[in-house]
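Enquirer: Spelled out from the first residue to the last, the chains are:
Protein chains: 2
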Amino acid sequence: MKETQKFADRVIDLKASAIREMFKLMAKGDVVALSGGAPAPESFPTEELAEISAKILREQGTVALQYSVTEGYQPLRDMVVERTRTANKLAEYDDTIITTGAQQAIDLAFKALVNDGEGIIVERPSFVGTLNSARSYRAKLFDVPVLDDGMDLDRVEQLLQTENIKLIYTIPTFQNPTGITMSDEKRQRLIDLAVKYDVYIVEDNPYGDLRFAGEPKKNIKSLDPDGRVIYCGTFSKILSPGLRIGWVSAHRDIIERIVVVKQANDVHTPIFNQMMAAEFMKQYDMDEHIARLCKLYGRKCGIMLDALDNYFPEGCTYTRPEGGLFLWCTLPEGTDTKELLTRCIERKVAFVPGNTCMVDIDAPTRYMRLNYSAVAEDKIDWAVKTMSDVIRESL
Amino acid sequence: MKETQKFADRVIDLKASAIREMFKLMAKGDVVALSGGAPAPESFPTEELAEISAKILREQGTVALQYSVTEGYQPLRDMVVERTRTANKLAEYDDTIITTGAQQAIDLAFKALVNDGEGIIVERPSFVGTLNSARSYRAKLFDVPVLDDGMDLDRVEQLLQTENIKLIYTIPTFQNPTGITMSDEKRQRLIDLAVKYDVYIVEDNPYGDLRFAGEPKKNIKSLDPDGRVIYCGTFSKILSPGLRIGWVSAHRDIIERIVVVKQANDVHTPIFNQMMAAEFMKQYDMDEHIARLCKLYGRKCGIMLDALDNYFPEGCTYTRPEGGLFLWCTLPEGTDTKELLTRCIERKVAFVPGNTCMVDIDAPTRYMRLNYSAVAEDKIDWAVKTMSDVIRESL
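Those protein sequences? They're chains P and H, same order as listed. With our numbering applied, the first sequence corresponds to residues 1221 to 1615, in that order. With our numbering applied, the second sequence corresponds to residues 1221 to 1615, in that order.
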């Protein structure tokens, strides 16, 4: 082992995602995990994909198993563009490529755009995978609170005026971890701010299709006047996360740079998996499949909200999402959810403590993220009641 | 589009791989490509994998399609360790994780270890994907010639004495692009140098299993006295590149950092694909499968060498590899293979001009890389003859 300093500065402060570490813990025991970010396993079209996978390997095996181009499987790119053309108002200058999940799209966009020390504005709280990626390129993170109608844009404008900001990262719809959706007014103002202060926006939209209540909002990409919005999408929440297929739509000059870094990163996303997603959309009605998911998640979310209404102590509040996978609880002042978690795990329930979703991950917080998509329906009520008992005891 | 400078400094000088761009060109026409780096499509076990894929999705679909851990599918990790334990003499402190191809293993190792401006020693010529990855972390590249028995270690020691070197990257066995194998003596001296000057070694060994002549050499990892060798392996050349499954074995402290950057990069390598590779090795004899590949590539390489012996003009030399996918030709002084390529493509043959494998990719070179694995056997003689005609005309 080298004797002098071993690691690059960019990774010195990186920590393994507490959520993903917890994942491993969960895998071992009989804990009811409200801590995941996974889709419902019962929603996977396993039989359909079994037939599709065998068919692809028998009929086009030498394509599916061979090297392919970095940009992705052309029929899948076409289908993604077709599905998102209206919602994103894709421009003539936009291009769309396939990535190894939306995580890679975000990571490569940061790599291609952000210099050491340049600023990225994120929501507080935000998606831990994004925070870690930004840290790994030594970006300076600035977080602004998520209000009931999305990120605090007054605070965003202050930062744009005073700091060296390169881009704004947002999950505008059914935000991870809060479940909050940004209003149409704020989406337009965010774009206006980006134009005024000449910064990029990375719009991360893994959950947008999973709406079970309320009215659809405009994608920020659809308001993009001049190719400054980088839109990240994924099949992880609407088909399967295990296949690792996402995409990114952006101005072709940006895509071209992302392709070059992707080449040096993983050459290309597994072509076999891309063909499976394309064939699934060809053979089956994706909209129907998504409609079934929305119904399932709406029901699970409803059960969780009922349980929270019934059991959670006075002084606790929580969001009421119209879609997506998560809701966000605020416990009474003085509570530290990191401590609560240990006691909850002893009682066989897990959640994500809010600090892991913060730029300052070491600060104690009174917040918790609850996931309703991956848990079995008949466990939700018991899990929320058990958590409520632990919270009451701690008050 | 942003008006001020758009891209991060680290990607400004990156260029798309000329080889991969050529790939796209090839895909369109009827060109006989000696330019690829792909395994023989006829070697893919498509029927076996068709059955395996359907079986996995039917029997363990909710595992195969769900999120998984960053380190990889445990049974596959165990199998990889088992297969490489003897050849790599893995130590108690070593750990092995699955990556999205060996390209990702190399890329994440560089990301985790190399600071801006730190030096990486590579072979001249070397693998273009590695050169681009190193550039994308702003490493300073130093190239040393590959001699008949591997890299010039006197030159390596000079660099270690005078430059700020963090690691040495080598493909010691059937090197890409030369096909040359490093001698056992040099492997030991390389380790001794790494210890003396306290630097890491990244041993990239995608082709090591594909030996069709000569005696096996020791993996450099097996000589590693103290956990300074990072070993990158892959299923791309022995099973399928389209599945994108590689691995990295290194000291667990290094692996831990690589896991953290991988989490922020693509979360995990597709679990379904990992299960397919594991199931293939469980159901079939991997050694037999590899033995068939070696036989095939030995035959193809022999046909190519015969054709080179028959047609190539006086003054041209070429390596005679004992395995792997490539051989390397040196044309007479004054030839520029980049120019030759254009004329060859008009005559429907393609190769990789040597400059693309160099640190200074713009300098004209008289070298060319020829691939024999992916081309149909009955096209090799014609392709080499056609190239020879073009070379003769240019002399």
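Please note: incorrect hints may appear among the correct ones.
You can't tell identical chains apart in this list, so a pair holds if it fits in one copy or across any two.
Stated by the list, open to error - Taking lysine-lysine and the BS3-like style, the derived pairs with C-alpha atoms no more than 27 Å apart in a straight line are: (1) K1226 to K1360; (2) K1558 to K1416; (3) K1226 to K1416; (4) K1309 to K1226; (5) K1235 to K1309; (6) K1558 to K1568; (7) K1515 to K1275; (8) K1416 to K1437.
Bear in mind the hints are in silico, worked out from the structure with no lab data behind them.
Enquirer: Looking back at the hints listed earlier, which ones does the structure fail to meet?
Expert: 2, 5, 7
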